[in-house]
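Protein chains in written order, with my numbering: chain A, 80 to 448; chain B, 80 to 448.
Honestly, I wouldn't trust all of these hints.
Given that identical chains are not distinguished, each listed pair holds provided it fits within a single copy or across any two copies.
[As the list claims (entries may be wrong)] Cut-off 27 Å, straight-line C-alpha distance, at most; resulting in silico cross-link-like pairs (DSS-like, lysine-lysine): (1) K156 / K108; (2) K131 / K141; (3) K112 / K157; (4) K234 / K436; (5) K90 / K160; (6) K112 / K160; (7) K233 / K141; (8) K385 / K112; (9) K208 / K333; (10) K236 / K208; (11) K447 / K360; (12) K234 / K221; (13) K433 / K385; (14) K233 / K436.
What the hints contain is simulated information worked out from the structure, not anything from laboratory work. A quick note: this is a predicted structure, and the numbers were derived from the prediction, not measured.
Number of protein chains: 2
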Amino acid sequence: MKEKLSPLIRKHLIDVSPYQPGKPVEEVKRELKLDDVIKLASNENLLGVSKKALKALRKYLKEANYYPDDSCFYLKKKLAKIHDVKEDEIILGNGSVELLYYLVFTFADESVSIAYNKGAFAMYPIVSKISNAQIIEVPLKKGNLACDPIAILKKIKENTRIIFLSNPNNPTGTSFTHDEAEELLKNVKENTLVVFDEAYTHFVESENFPDSFSLYRRYKNLIILRTLSKAYGLAGLRIGYLIARPEIINSLNKVKVPFNVNRLVQIAALHALDDDEFVEKTKKLIKKEKRYLYKEFEKLNLFYLKSDTNFIFVKFKMKAKEIFEKLLKRGIITRPLPESLFPNALRITIGRRKENKKLISALNEILKE
Amino acid sequence: MKEKLSPLIRKHLIDVSPYQPGKPVEEVKRELKLDDVIKLASNENLLGVSKKALKALRKYLKEANYYPDDSCFYLKKKLAKIHDVKEDEIILGNGSVELLYYLVFTFADESVSIAYNKGAFAMYPIVSKISNAQIIEVPLKKGNLACDPIAILKKIKENTRIIFLSNPNNPTGTSFTHDEAEELLKNVKENTLVVFDEAYTHFVESENFPDSFSLYRRYKNLIILRTLSKAYGLAGLRIGYLIARPEIINSLNKVKVPFNVNRLVQIAALHALDDDEFVEKTKKLIKKEKRYLYKEFEKLNLFYLKSDTNFIFVKFKMKAKEIFEKLLKRGIITRPLPESLFPNALRITIGRRKENKKLISALNEILKE
Numbered sequence: 080m081k082e083k084l085s086p087l088i089r090k091h092l093i094d095v096s097p098y099q100p101g102k103p104v105e106e107v108k109r110e111l112k113l114d115d116v117i118k119l120a121s122n123e124n125l126l127g128v129s130k131k132a133l134k135a136l137r138k139y140l141k142e143a144n145y146y147p148d149d150s151c152f153y154l155k156k157k158l159a160k161i162h163d164v165k166e167d168e169i170i171l172g173n174g175s176v177e178l179l180y181y182l183v184f185t186f187a188d189e190s191v192s193i194a195y196n197k198g199a200f201a202m203y204p205i206v207s208k209i210s211n212a213q214i215i216e217v218p219l220k221k222g223n224l225a226c227d228p229i230a231i232l233k234k235i236k237e238n239t240r241i242i243f244l245s246n247p248n249n250p251t252g253t254s255f256t257h258d259e260a261e262e263l264l265k266n267v268k269e270n271t272l273v274v275f276d277e278a279y280t281h282f283v284e285s286e287n288f289p290d291s292f293s294l295y296r297r298y299k300n301l302i303i304l305r306t307l308s309k310a311y312g313l314a315g316l317r318i319g320y321l322i323a324r325p326e327i328i329n330s331l332n333k334v335k336v337p338f339n340v341n342r343l344v345q346i347a348a349l350h351a352l353d354d355d356e357f358v359e360k361t362k363k364l365i366k367k368e369k370r371y372l373y374k375e376f377e378k379l380n381l382f383y384l385k386s387d388t389n390f391i392f393v394k395f396k397m398k399a400k401e402i403f404e405k406l407l408k409r410g411i412i413t414r415p416l417p418e419s420l421f422p423n424a425l426r427i428t429i430g431r432r433k434e435n436k437k438l439i440s441a442l443n444e445i446l447k448e
Numbered sequence: 080m081k082e083k084l085s086p087l088i089r090k091h092l093i094d095v096s097p098y099q100p101g102k103p104v105e106e107v108k109r110e111l112k113l114d115d116v117i118k119l120a121s122n123e124n125l126l127g128v129s130k131k132a133l134k135a136l137r138k139y140l141k142e143a144n145y146y147p148d149d150s151c152f153y154l155k156k157k158l159a160k161i162h163d164v165k166e167d168e169i170i171l172g173n174g175s176v177e178l179l180y181y182l183v184f185t186f187a188d189e190s191v192s193i194a195y196n197k198g199a200f201a202m203y204p205i206v207s208k209i210s211n212a213q214i215i216e217v218p219l220k221k222g223n224l225a226c227d228p229i230a231i232l233k234k235i236k237e238n239t240r241i242i243f244l245s246n247p248n249n250p251t252g253t254s255f256t257h258d259e260a261e262e263l264l265k266n267v268k269e270n271t272l273v274v275f276d277e278a279y280t281h282f283v284e285s286e287n288f289p290d291s292f293s294l295y296r297r298y299k300n301l302i303i304l305r306t307l308s309k310a311y312g313l314a315g316l317r318i319g320y321l322i323a324r325p326e327i328i329n330s331l332n333k334v335k336v337p338f339n340v341n342r343l344v345q346i347a348a349l350h351a352l353d354d355d356e357f358v359e360k361t362k363k364l365i366k367k368e369k370r371y372l373y374k375e376f377e378k379l380n381l382f383y384l385k386s387d388t389n390f391i392f393v394k395f396k397m398k399a400k401e402i403f404e405k406l407l408k409r410g411i412i413t414r415p416l417p418e419s420l421f422p423n424a425l426r427i428t429i430g431r432r433k434e435n436k437k438l439i440s441a442l443n444e445i446l447k448e
């Protein structure tokens, strides 16, 4: 049977490996028979869900028997107002990650190339491979390991259709600057789509971070991706959005799965976007706890990168996988990174003081073993 | 600008038209300035959402800040038990419609063909076109307008990779038989995937409806699609699933969007699947109201097809679009069908007695004008 069914898959998909998500808390509890497990692996908001979103969800739960509004009328209206764009410059996704699939399915095939930095968001190699496009991988910036628009500019080809840039970069937490962004946009051809994937903008502290919307007004091929997973605490609900020129949005709508953003998610997002108080509280917590962790990492003599996100890229003197396993046994889930790229680093979500203390105390134990 | 950005789209996508969903209640209220609007357009469950699902949703809402379990561990476990298959024979989708996209992205391109009946589920032409596969369209069965496996069998080619069969058929509500299903499976090559898209099985009344799972055990290329949108009242949450051999599931997982089934949906589905009481109540209502509507349509001298679903295909002596518009003005949303295929027919969801009476009284007025 294997012989007959396996070759049915399109050939270029055979060696695609699906994305490996952070271990869910439930799985660790089940497998390690632990009761007290904390997850610092997936950059979730440990303050919970926006209260305004929760209240609206409670009110509208019972309408879940009705299909969602496929056009996301009210949500687009709100986002258009927030970002000062038109409704027809927005498409919503089942998480911003779904929109990466829409981008490659709409614009890429074997006749074009896709460029990104090796060590940027792990989904770029996956969606590029799925699209069967030629792949141009360019190193991250030396030193801060941010994405590097200038290095990419030097490597792209005549047929480069999409450039993916994760800014701040997941998993390193660092950013490129406004000037670098503009340098790329100024010099790239208009038929190369430049995607600024900005999941973590709420947590940016570095100066000179790109003002993407001012660039967007001037460069027609700039595409901006955002999510409500992080600052708004909606990771479990899956909601992201993409801003681009109407022609691009029209094209993406041709491959959009009908009703991809569910009814409850639309309601939650609509109300979360009004919840400035929750976002401010989140930002304040991350800023404060970032500094606490920096200090503690320094005491532990650990190398880390100053982060523009709600996670920190930390380097160890031994294989990160070992640290990961030892933390896991103590009920702390962190995120190991691809061994070929970052053999000694973990990506660790910034929690509340409670979780951060547990982490630091466990690291203290482990590093002194 | 148009000149520069438009041609970026992959050529075969240019003339894809996105799916046109039924009009949302909110939109009709907004546009027609009506307060009292009922929707009989999208085959939603008018009894609401499974109570068990609602209770679980209320309990777990506040965990929506955590990513979903990408593997859908507990949901797969439950479905495996229900259908007597293994967990690795299941993939979950953001609605069963998302799984149609996964099927074509995984198995179809310009080198293969896809076959379906013209007048079956409106998504088959769309996903087939998106995949760039060659398309084989075969007429529905004469008379009852069900999908026709035997007619398809006669038209498929050496390179036919996927056959889509909507059973019972949306939008006609009618079914093919077990013998016809088996006749197709017996004669089709094993490298042609046969998809039984069974969104409405809970409402089947006709005898000899295929026992898909007994066929599935014998035919390795049979794929079964199901949804929780209808009988379980979860249309707004988007959850469907696909049963197939592990090799096929593995292949589909390569194009699966990470976290495609959100956290709340997994919880709702898990509990809805236990809610036999709600499903029985729904089935009983539909059975009873179907008969009420049949009788009323007969009094109105309207042709209809006996339905295996929670909707009825009704034919008028004038253009259906006119009836649709007149019903809309009276606050009743029904579903017009593609004019080139069914110029005189509407697809009307079976509601509770309240909604059905409103519909019949409006039709009485309209047809006597």
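Now the hints, each set against the structure:
{"no.": "1", "hint": "K156 / K108", "verdict": "between (42 Å within a copy, 17 Å between copies)"}
{"no.": "2", "hint": "K131 / K141", "verdict": "both (17 Å within a copy, 12 Å between copies)"}
{"no.": "3", "hint": "K112 / K157", "verdict": "between (45 Å within a copy, 22 Å between copies)"}
{"no.": "4", "hint": "K234 / K436", "verdict": "neither (44 Å within a copy, 67 Å between copies)"}
{"no.": "5", "hint": "K90 / K160", "verdict": "neither (44 Å within a copy, 33 Å between copies)"}
{"no.": "6", "hint": "K112 / K160", "verdict": "between (48 Å within a copy, 24 Å between copies)"}
{"no.": "7", "hint": "K233 / K141", "verdict": "neither (54 Å within a copy, 47 Å between copies)"}
{"no.": "8", "hint": "K385 / K112", "verdict": "neither (35 Å within a copy, 54 Å between copies)"}
{"no.": "9", "hint": "K208 / K333", "verdict": "both (21 Å within a copy, 10 Å between copies)"}
{"no.": "10", "hint": "K236 / K208", "verdict": "within (18 Å within a copy, 29 Å between copies)"}
{"no.": "11", "hint": "K447 / K360", "verdict": "neither (35 Å within a copy, 63 Å between copies)"}
{"no.": "12", "hint": "K234 / K221", "verdict": "within (16 Å within a copy, 59 Å between copies)"}
{"no.": "13", "hint": "K433 / K385", "verdict": "within (21 Å within a copy, 62 Å between copies)"}
{"no.": "14", "hint": "K233 / K436", "verdict": "neither (44 Å within a copy, 69 Å between copies)"}
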